[in-house]
Amino acid sequence: MHVPDGFINAPTSAVTGVVAAGAIAVSLRGARRELDERTAPLAGLVAAFIFAVQMLNFPVAAGTSGHLLGGALAAILVGPYTGVLCVSVVLLMQGILFADGGLTALGVNITDMAIVTTVVAYALFRGLVKVLPRTRRSVTVASFVAALVSVPAAALAFTFLYWIGGTTDVSIGKVATAMIGVHLLIGIGEAVITALTVGAVIAVRPDLVYGARGLQQRLKLRVNGELVDAPGAPGPEPAPAPVAARSHRKVWITGLVASLVLAGFVSFYASASPDGLEKVAADKGIDEKAEEHANADSPLADYGVESITDARISGGLAGVIGVGVTVVAGSAVFWSVRRRRSDDTSPADTETNV
Amino acid sequence: MGAGHAHRLYRHGHSPVHGLPPHTKLAAVFAFVVVVVSTPREAMWAFGVYALLLAAVAYAARVPAAFLLKRLLIEVPFVAFAVLMPFVAEGERVDVLGLSLSVNGLWGAWNVLAKGTLGVAASVILAATTELRELLLGLQRLRLPPLLVQIASFMIRYGDVIADEMRRMRIARESRGFEARGVRHWGVLAKSAGALFIRSYERGERVHLAMVSRGYAGSMPVIDEVTADRAQWSYALALPCAALVVCLLGWTL
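Listed in order, the protein sequences are those of chains W and Y.
Numbering follows our numbering, in which position 79 of the first sequence is assigned residue number 79; successive positions increment by one, without gaps.
In our numbering, each number is its position in the second sequence, counted from 1, plus 1000.
It should be emphasised that the hints constitute simulated quantities derived from the structure, not laboratory data.
All values reported here derive from a predicted model rather than from experimental measurement.
Where is the CB? At the ideal position from N, CA and C, for every residue including glycine.
Errors might be hidden in some of the hints.
Here are the computed lysine to aspartate or glutamate pairs in the DMTMM-like style, where the Cα-Cα straight-line distance is at most 20 Å [claimed, not checked]:
1. K1191/Y - D100/W
2. K220/W - D207/W
3. K1070/Y - D100/W
4. K1191/Y - D1164/Y
To give a feel for the contact side, a few chain Y residues facing chain W, derived at Cβ under 8 Å [stated by the list, open to error]:
5. V1033
6. V1037
7. I1074
8. N1111
9. S1123
10. V1124
11. L1135
12. L1148
13. A1163
14. R1181
15. A1195
16. F1197
17. Q1232
18. C1241
Cβ-Cβ distance ranges computed for the label pairs, FRET-style [as the list claims (entries may be wrong)]:
19. S1015/Y - V19/W: 36 to 42 Å
20. A1210/Y - P11/W: 44 to 50 Å
21. K220/W - A1210/Y: 35 to 41 Å
22. R29/W - A1060/Y: 41 to 47 Å
23. L185/W - L1073/Y: 20 to 26 Å
24. S171/W - V1161/Y: 18 to 24 Å
25. A1080/Y - A14/W: 26 to 32 Å
26. K220/W - M1211/Y: 17 to 23 Å
27. V182/W - L1209/Y: 31 to 37 Å
28. A14/W - L1073/Y: 27 to 33 Å
29. K1070/Y - I188/W: 31 to 37 Å
With these hints in hand, go ahead and build the complete structure from the sequences.
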């Protein structure tokens, strides 16, 4: 998916370059918070890991194989800021050293593959981990979903950039269908591999999985056949937070599942009927406008059947992504409002009340 | 680690291009690519001139044409995409050899092919004439955030180590009779990837401790400051300046 030079026009490349630079600046600050002064060696080694794991071939069938893109994996394993940094550095080095991806398209590539993938994956992952029960399995499930959505989300972002600044006048619907259709498949592979990898890490070193921090069970001692809390158990004690979260959890789950079902499956069927109509119209149109029409679209004839299913799936997918984005945005607003409220009530508040 | 850090793309040599300070080369390549991308696609001759300019640089750098052409193969996926463009693009159509092609799509395909190829060729020449360490120093001189340069340098330095570790894991798997043939074997591969992550992360922790015990306090000492004098700058910037002239001609003609 590395975009070469000349694919996206110069103004859009420049704007995405600024966006990428800004995001990297933010991530540099954030990564220092995530990793303190160990940032450089650890992020560097993780970047090397991403670079190496992209060379690990996963055979699919009959000689074809795929490899991991790694954005979601990096976000879950080392946190969103460090993840953005690592993938960006990998892209930068690939651009300069291996001529993989154009230098002027670096902004597009970083925005698309480092920022969108990582941020979408991490937001979704955190949301799911909050909602699901606090077990290892739910971390695996959450990373599966996060990786599954992150790849088509990057394809969507690319389509959006292409729509703004593409150098060729390909209809945006075709680009979206092709990109999202292909990347949906890639996303499934990515999701399986990411979930398996996160599961493997969490089985051995759960403390290394950034996204699963705070899920560790408290240390318990068995005294006379009874489990009691170990005295002076180390680690942060998030006492009030889980209680608050738990009381909302049922509402959360019901709402999220309902909206995902609506967005994913109902839109799937809803979009089926316009497609049918279109098909009928096309059948009629072919009767009137004989051969010219058939010829003009002949290369797309192959896409015909696929594009219907793709359009359905992609409609459902767009719904699911929409729900994800809305949930994230909504909870961000909710969270900030709640924090503001708790800030207001605290006596040591320096903010002026508005 | 003390051995050569030269990457596979680097070709050792003592040409004038090899001798230029790295940041001038980086700036020149970047400016050149920007100029190429902003050239109108209708000015076909301009891209020919760009190709000649790059060929001249490659000749000065004593990079053989076969090497350059072989490296250009990295572009192939996009060639496939570009070939598809004339079929799917909108707009008026022309008949070529019995196929109905979009005029706009043909221009688009040409645009991507020409600019993409020139961009790749410029990067390949840069990588072929600049050592890794120099490249990182050049990036630092160009005011990239030092932390980012450090991360990049660690990635480059340990990239081979981690890749080797992965290769050893593969040999270990294969010597136990494992051969990944399909989706059913992904679990094993993913466990290897997980183990690789843990090893990389722990290596990072060890590297950090080793650095701290040698006095690391957040920034790497710069031992060999690279500087460029006016002559070297003008020598390096000759390429983008010539390209700029061509580009301006392309817009006006």
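List of violated hint numbers, smallest to largest:
1, 17, 18, 24, 26 and 27
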